[in-house]
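Colleague: Each chain is listed here by its residues.
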Amino acid sequence: METTELVINGKTHELRADSRVTLLDALRNHLELTGTKKGCDHGQCGACTVIVEGRRINSCLTLACMHDGDEITTIEGIGQPDNLSALQSAFVAHDGFQCGYCTPGQICSATAMIEEAKAGWPSFVSDDLEGPEELSNEEISERMSGNLCRCAAYPNIVNAIRQAAGEQS
Amino acid sequence: MTAHQKMDKPDTRNRLDDMRQGLVGKPMDRPDGPLKVSGQATYAHEWDIPDMVYGVLVRATISKGRVTDVESDRILADEAVHAVITDDRLLRRPAQGGANEAPPQGSKQVDYFGQPIALVVADTFEQARHAANILPISYETEGNAAFDPEAADTETDTPEDDQLDQGDLDQAMRDAAFTVDQVYHTPGHNSAAMEPHCAIASWEGDKLTLRGSYQMLNFNINELADALHISPDNIRMLSPYVGGGFGSKLGLSPEAVAAAIAAKDIGRPVCVALSRQQVFEATMRRSETRQHVRLACGEDGILTGLGHECLVSNLPGEEFYEPVTQATHFLYGGENRKLGIEVARLNRTCGGSVRAPGEAVGMQVLENAMDELAEAAGIDPVELRKRNIPEQHPEKDIPYSSRRFTEALDEGAKLFGWDKRNRKPGATREGDWLIGHGMAGAARINVLSEAKAKVTLLADGSAVVETDMTDIGTGTYAILTQIACDMLGLPADKVETRLGDTDFPAGPGSGGSWGASSSGSAVFLACEEIRKQLADKLGSKEADLTLADGKAGTGDKARPFAEILDGKEISAIGHIEPGKTMEDWQQATYGSYFAEVAVNAVTGETRVKRMLGVFGAGRILNEKTATSQCYGGMIWGIGSALTEELAFDNRDGHIVNHDLAEYHIPVNLDVPQIEVVLLKERDEFASPIQAKGIGELGICGAAAAVTNAIYNATAIRVRDYPATLDKLLVGLPDE
Chain V
1 METTELVING KTHELRADSR VTLLDALRNH LELTGTKKGC DHGQCGACTV
51 IVEGRRINSC LTLACMHDGD EITTIEGIGQ PDNLSALQSA FVAHDGFQCG
101 YCTPGQICSA TAMIEEAKAG WPSFVSDDLE GPEELSNEEI SERMSGNLCR
151 CAAYPNIVNA IRQAAGEQS
Chain P
1001 MTAHQKMDKP DTRNRLDDMR QGLVGKPMDR PDGPLKVSGQ ATYAHEWDIP
1051 DMVYGVLVRA TISKGRVTDV ESDRILADEA VHAVITDDRL LRRPAQGGAN
1101 EAPPQGSKQV DYFGQPIALV VADTFEQARH AANILPISYE TEGNAAFDPE
1151 AADTETDTPE DDQLDQGDLD QAMRDAAFTV DQVYHTPGHN SAAMEPHCAI
1201 ASWEGDKLTL RGSYQMLNFN INELADALHI SPDNIRMLSP YVGGGFGSKL
1251 GLSPEAVAAA IAAKDIGRPV CVALSRQQVF EATMRRSETR QHVRLACGED
1301 GILTGLGHEC LVSNLPGEEF YEPVTQATHF LYGGENRKLG IEVARLNRTC
1351 GGSVRAPGEA VGMQVLENAM DELAEAAGID PVELRKRNIP EQHPEKDIPY
1401 SSRRFTEALD EGAKLFGWDK RNRKPGATRE GDWLIGHGMA GAARINVLSE
1451 AKAKVTLLAD GSAVVETDMT DIGTGTYAIL TQIACDMLGL PADKVETRLG
1501 DTDFPAGPGS GGSWGASSSG SAVFLACEEI RKQLADKLGS KEADLTLADG
1551 KAGTGDKARP FAEILDGKEI SAIGHIEPGK TMEDWQQATY GSYFAEVAVN
1601 AVTGETRVKR MLGVFGAGRI LNEKTATSQC YGGMIWGIGS ALTEELAFDN
1651 RDGHIVNHDL AEYHIPVNLD VPQIEVVLLK ERDEFASPIQ AKGIGELGIC
1701 GAAAAVTNAI YNATAIRVRD YPATLDKLLV GLPDE
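Protein chains in written order, with the working numbering: chain V, 1 to 169; chain P, 1001 to 1735.
With the rest of the complex left out, here is chain P (with noise of 0.2 Å):
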């Protein structure tokens, strides 16, 4: 039996609030979570398969061209090497979120230095590795490689749908009291998951089964079957735990195929994990940007005028492009308007998302231009910002759905003292250190992806969650089962959540932060066809129905699960699809940051010593997961604002600082004990469960309210991101 809702209309009954159980939104422990303190939980590497080899990919050393020649001989003497593949399935890029399709594949063109050219496979890692490195290979290069954005014979193109040219910006900058326009840049970065993508394939005659880290098995599954022209159905993928994603697992990359392919030649179980280099050159980057901002406003801080013009860059015949102005669109007003994003092709690693694609890097512009205009207008920057939350969209007729933008802002400013600060730049002085405070709002669409999710209540009155989403650290684990102990009324311990296999009914993948809200929904309404057949056995109504504990009824007169089922199980499929409600009203979810740093006059170093998130994303699932995602996200905020920066040597377009050693991610001591609050909203517009996404929502704009602090602290604007200390020892006071 399959429930199925399309979001057409608000879900306004809040379900959820009435259900006995009462554990959504509890700070529960997350289920998964003794397995992985202990290192039980089963990763892409760990799956004890009996007579599996190694395979380990060669990469290309030159930017643009051909391979002419692998010398596979001179390997294959080595009776412990199997096999050289330099099969045209190989994918020469990795899929994008979403593809459900095969990326580019082909290993004799090169488009990139680092790009995976071969597979070699034998007994050891050991052995592979070794071979891999002295594989002779030859090349044809083309020398009209590009590898930078902003050169002149860099070619572009502007992706026609994502323009906007309304009213008239140039003549509301000049007729406006004030004014900000400054072009800002923000370098590339790595998602720099923990565990490396990893793909271990196995075949039974036609059957494969590919255990792997990734994060859309729903899609996946898809991009392999194309990629190695099989029928999925042909295909078992399993990820039921993933270390990590951030982006780079959500399409399928080059891992997956070459295991696939090699273990069908060899007739053996293949293991393919990427080196930590082979992550940051053959996954994904988060294109670098430059953002020409433009604000213009009245003497009373309202904006007439506002225009964000962005160049970001991908591969040749790649559709993704960093979504710089995707919040842009809706969040401040401003009658006059021009938003565009330019497309430099580049030979460099494939863009694709890194947690928040669009917003981490806009949002942090965008936020400090508006903290210039504040400074400008002599405005309060939250003061600022609240007087600019629009009526209605700016540049669409619709409305928004659950807003709590001003709340988060009036809400964070309370809790942080914001009125205490002292508003001059450069004037607060504690020994060697500068202190200085800065704030800037958040916010990220919020998106609901079709998902379904198998739910069954078993005989004995215990019940199973099934679907092939999957946990990246997110909770997935976590909040599916709280929702269906609650809609089933039974503990905690009496739902088991089994996800990351593609024999599940298909999720909507972990990606958007749309998973907790899709796959919440799905489960939500399988429960809610259990619960109808539930009540059918008690000649009752379903909305009448008083479950907890594993018991229908109440006092006296409640009955366990196991005797009403009388030895039989129900189950139901849950579906949910997207509806009306997403393209009729603007969804997003809000927020506000607050950070104090101290920057050392000496050094140029920067601290940040304090900082405070208020969070507003519909009904929040379980607070301490969520709480997590935030600091997650505000501590990729602290890298992207002071150390985060993927380096390109502009000669042949390589990485430089390909490693946890060069690029540098935020370490403990490099972040204080940061505090989030989370609004309580329900957004009956966004799903069934009134729940919005927050796994992205804690990154976009966090870099600003770092920066801007810096500002206060030290009167230094660094429009030119990471704020590393020689950035800011030009503008230090000299004694």
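Just chain V, same shape as in the assembly (with noise of 0.2 Å):
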């Protein structure tokens, strides 16, 4: 058994687990924190993507143990149903989920693409390594495709965060 502490949406949780447990499975299973979704368990899919000390990583591919301290953000720490952040309230608005499964991954993975994209970071279609001047759809599509989407919502995932990214900037 592990003590770990983590600082999940601004509150700290003392977890006492199996030092086997992913911070995805201590989120679930532990701390009845279930917003983040399992969708494969091997880093494939992007459903468990949560924010960890600024950055997106998928909860799955990593121990809870290893985040002593960290400070962590899940779907339920963006917001709640009567109190929804501007990219939820887009993706309602748009129609960027159909089952709902992966979209708290989608969001979390999209909040913090906005904030890479504003701090200059390039990828793989961006026309320079100083980062896109603006989040264009292809951007978004790039830099959303660790985020599998068996609906195939994709294409309104896109206008969804074009527009919550637009409000921001």
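None of these hints come from the bench; they were simulated from the model. Some hints could be false.
Said to hold, decoys possible - Sample of chain V residues with no beta-carbon within 10 Å of chain P, all distances over it, derived:
#, residue
1, Thr3
2, Val7
3, Asp68
4, Glu71
5, Asp95
6, Asp128
7, Glu133
8, Gln163
9, Gly166
As the list claims (entries may be wrong) - Here are a few chain V residues that face chain P, going by a calculated C-beta distance under 7 Å:
#, residue
10, Asp18
11, Gly35
12, Gly39
13, Ala47
14, Cys65
15, Val92
16, Gln98
17, Gly100
18, Tyr101
19, Ala119
20, Trp121
21, Glu142
22, Arg150
23, Pro155
Small disclaimer: the values here were computed from a predicted structure and weren't measured. Heads up, the beta-carbon is just placed ideally off N, CA and C, and yes, glycines get one too.
Could you use the hints to bring the two separately framed chains together as a complex?
Modeller: See the structure below:
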């Protein structure tokens, strides 16, 4: 058993768990934060995306005990049904989801991705290494390609993110 | 009070068009949206159940034979491990959609690699997973397993009622001005819904509650009861949110029965989730197909002969087979016809429904062949299709219900700018990219399914809709809310739709695209009955009622429902049944796809640059969710055209690419900003709400538009799906 202190959505949790417990399973099975989803458990689908110390990661690919003291943002910390973030509202308005299972991961991923683009991070489709001037459809699509959606809401996901990113800038 | 309608005659009243609230058809946001985008919707694994433990299924690592020993003692020594379940009631295969009874059971006999053979239960998921991994299993293998559908010694059979030999196709081929005679292959597919299958079973005495991820609770409850040898009266199933299904959750899957048996055995709630790999191996696959298509036409392009003979596969004993020729029977004319299906019996993961079984791969190939015929005859592909739309059903003496195929083809061609394309294959190049345009027709049978729903107009003037129908991302919460709102004259926030609970009246389940029209009709009928009772209270006729914004009547005379109801609620159950209109008319949905692709002349990589779909599916209940369904189908078509392929190892039949890293579904950058146009249509033969199915139409031919465009770009016909780089490289220009 390992004891790990996790700061999740601003609240400190003391986790006592098997060292094999992934950050994803810690959230879902130990801390009652089931907004973060398990789609593949192998870092292939992005449904488990959370933001750790400002960076989006696949929470299934990291052990909870490796995050002692880390600040973690999950979908529950981004917005609640009666207090949605601009991005969450845009997902509803643009129908950026269907079954909704990949959606928390998409939104955590996009929340961090918008910041990455603002900070000038380039992507595979960027014209130069200085990063994009604006988040074009192609930039959004490339940067969100680690988040699979089998319902294939991709066109609407792109529209939702472009709207929310535009409102922020 | 139950309001019942059997669809024996067309319903021409078009009542929803007259309702003043006016929500049906509008692009209303999903009422379940805020919960889903904030992670608060409760999927199968996410119920907070005290004292719950975890189960992990163990899979067979042989393809055919028997389990001779499970050394449970080796792991039961660990006090965290509670049980090793090898009960004879465990499901050996998932149930087919609509089975309504248990599928083959018993874990001793092994029919395919990856079959569940035991369940290990432990305090935590990690403990259960580890114990399951080290559990020693001994087998006795049988050496006569079959893995290759086309091997000479593979046993095959032919479903008798799915063979057609009309006229003389061979002669028609000989006499034709132009012909196509080609063999195509499509690979197996996996639904790959994002939420892996999961069940939490808990017992109180003899009463079982099973929270799971299932599409058709109306059947699933009977499958579960039959498997456990208990009465369905002692079971409650809950699936309020389902993280995608696409056919893989139609029938009961192995985790449900395993969880229920384990929970009873150890006296604690048990949660069993499939791993992604288990989803690939132990739920359903779409069969690979070999399709021999023969088309014969005269100088005018009018078909005189049509052949579509297919080989598919499934496990021995399975009645389901991929109904590849389903739309071929009615879409195009041609009096000489030979259509048939042959089923190879293989020791591979169970074959079952994956989004649009039949048309998804059948239309994909038929529409490739039509493209080949258009070229052979020198006729525009859009025009060729229009010329071959038959007046009467080409095989049966029945008419068509509403059919907007011609309009879809014309509208698509116009919006896409089809006339501007370069008709010469391999002749348009932009730098390293070869540009091509292609189109295809869409068709999918339409089905109405028996459904019930209860609607209650509460004393405060708000309403509740209840059915065990599911929303698997399809938009059920939205469209049932909209129908109730319009019929009862209520704004969206005054209607609450409750789904996925077998304590509610049985719906049709989510499958075969029938969910919206069937459960929508049930809600419509229940609301009609409530309107009658309201009219009685007002001393007027139901037809004369004007309901809107929670009031009856207009202007100063409008009275709030709460006042009319005077403290009493009104509830009714709507009950729809399919009838003669399904047999006496050919019902289907139609559409067209247009695609522009760029194929890299150096690498053979294909990028879809533009894609348009135009669809006619009866009354559209919610423009936003219907459009999303079409996006989904078309994007599945892109996957089917370019990347999706189950790879089997022909030495033992195991799925080589059993996860999302190796089975390539489209990702965001694979998909352009697709355009979807929904045609205005009312199909009075389909349902009392004049709606048809739309959940699968988007895929039914979509891949062909992409590969036809690849042909136009490169002059290469890929008849062996998917059109991966290796299949294009050999034919690309040298420089």
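Colleague: Each hint should be assessed against the structure and marked as holding or not.
Modeller: A quick look at each hint next to the structure:
1. For V:Thr3, the non-interface assignment is confirmed: its Cβ lies about 16 Å from the closest Cβ of chain P, beyond the 10 Å cut-off.
2. Its beta-carbon lying about 18 Å from the closest one in chain P, V:Val7 satisfies the requirement of being farther than 10 Å from that chain.
3. Its beta-carbon lying about 19 Å from the closest one in chain P, V:Asp68 satisfies the requirement of being farther than 10 Å from that chain.
4. Separation of V:Glu71 from chain P is adequate, the least Cβ-Cβ distance of about 18 Å exceeding the 10 Å criterion.
5. Against chain P, the non-interface label of V:Asp95 is violated: not every CB pair exceeds 10 Å, the least being about 5 Å.
6. Every CB of chain P lies more than 10 Å from the CB of V:Asp128, the least distance being 19 Å, so the non-interface label holds.
7. Annotated as non-interface, V:Glu133 keeps its C-beta farther than 10 Å from every C-beta of chain P; the closest such distance is 19 Å.
8. A cut-off of 10 Å between C-beta atoms confirms that V:Gln163 is not in contact with chain P; the least separation is 14 Å.
9. With a closest Cβ-Cβ approach of about 16 Å to chain P, V:Gly166 is found to remain outside the 10 Å limit, as its non-interface label requires.
10. Hint status for V:Asp18: holds, given a least beta-carbon distance of 5 Å to chain P, under 7 Å.
11. Checking V:Gly35 against chain P: minimum C-beta separation of about 2 Å stays under 7 Å; hint holds.
12. The beta carbon of V:Gly39 is positioned within 7 Å of a beta carbon in chain P (closest approach about 5 Å), and the interface hint is therefore held.
13. The interface hint given for V:Ala47 holds, since its Cβ lies 6 Å from the closest Cβ of chain P, which is under the 7 Å cut-off.
14. For V:Cys65, the interface hint is violated, since its Cβ never comes within 7 Å of a Cβ in chain P; the closest pair sits about 12 Å apart.
15. Nearest Cβ of chain P to the Cβ of V:Val92: about 4 Å, under the 7 Å cut. The hint holds.
16. Taking 7 Å as the C-beta cut-off, the interface hint given for V:Gln98 holds, the closest approach to chain P being about 3 Å.
17. Satisfaction of the interface hint for V:Gly100 is found here, the shortest Cβ-Cβ separation to chain P being roughly 3 Å, below the 7 Å cut-off.
18. Taking 7 Å as the C-beta cut-off, the interface hint given for V:Tyr101 holds, the closest approach to chain P being about 3 Å.
19. Nearest Cβ of chain P to the Cβ of V:Ala119: about 21 Å, over the 7 Å cut. The hint is violated.
20. A least Cβ separation of about 16 Å between V:Trp121 and chain P goes past the 7 Å threshold, and the interface hint is therefore violated.
21. Using the Cβ-Cβ criterion of 7 Å, the hint placing V:Glu142 at the interface with chain P is satisfied: the shortest such distance is roughly 5 Å.
22. Of the supplied interface hints, the one on V:Arg150 holds, with its beta-carbon coming within about 5 Å of a beta-carbon of chain P, less than 7 Å.
23. Look at V:Pro155: its Cβ gets to within about 5 Å of chain P, closer than 7 Å, so that hint holds up.
Going through the hint list in order, the structure does not satisfy hints 5, 14, 19, 20.
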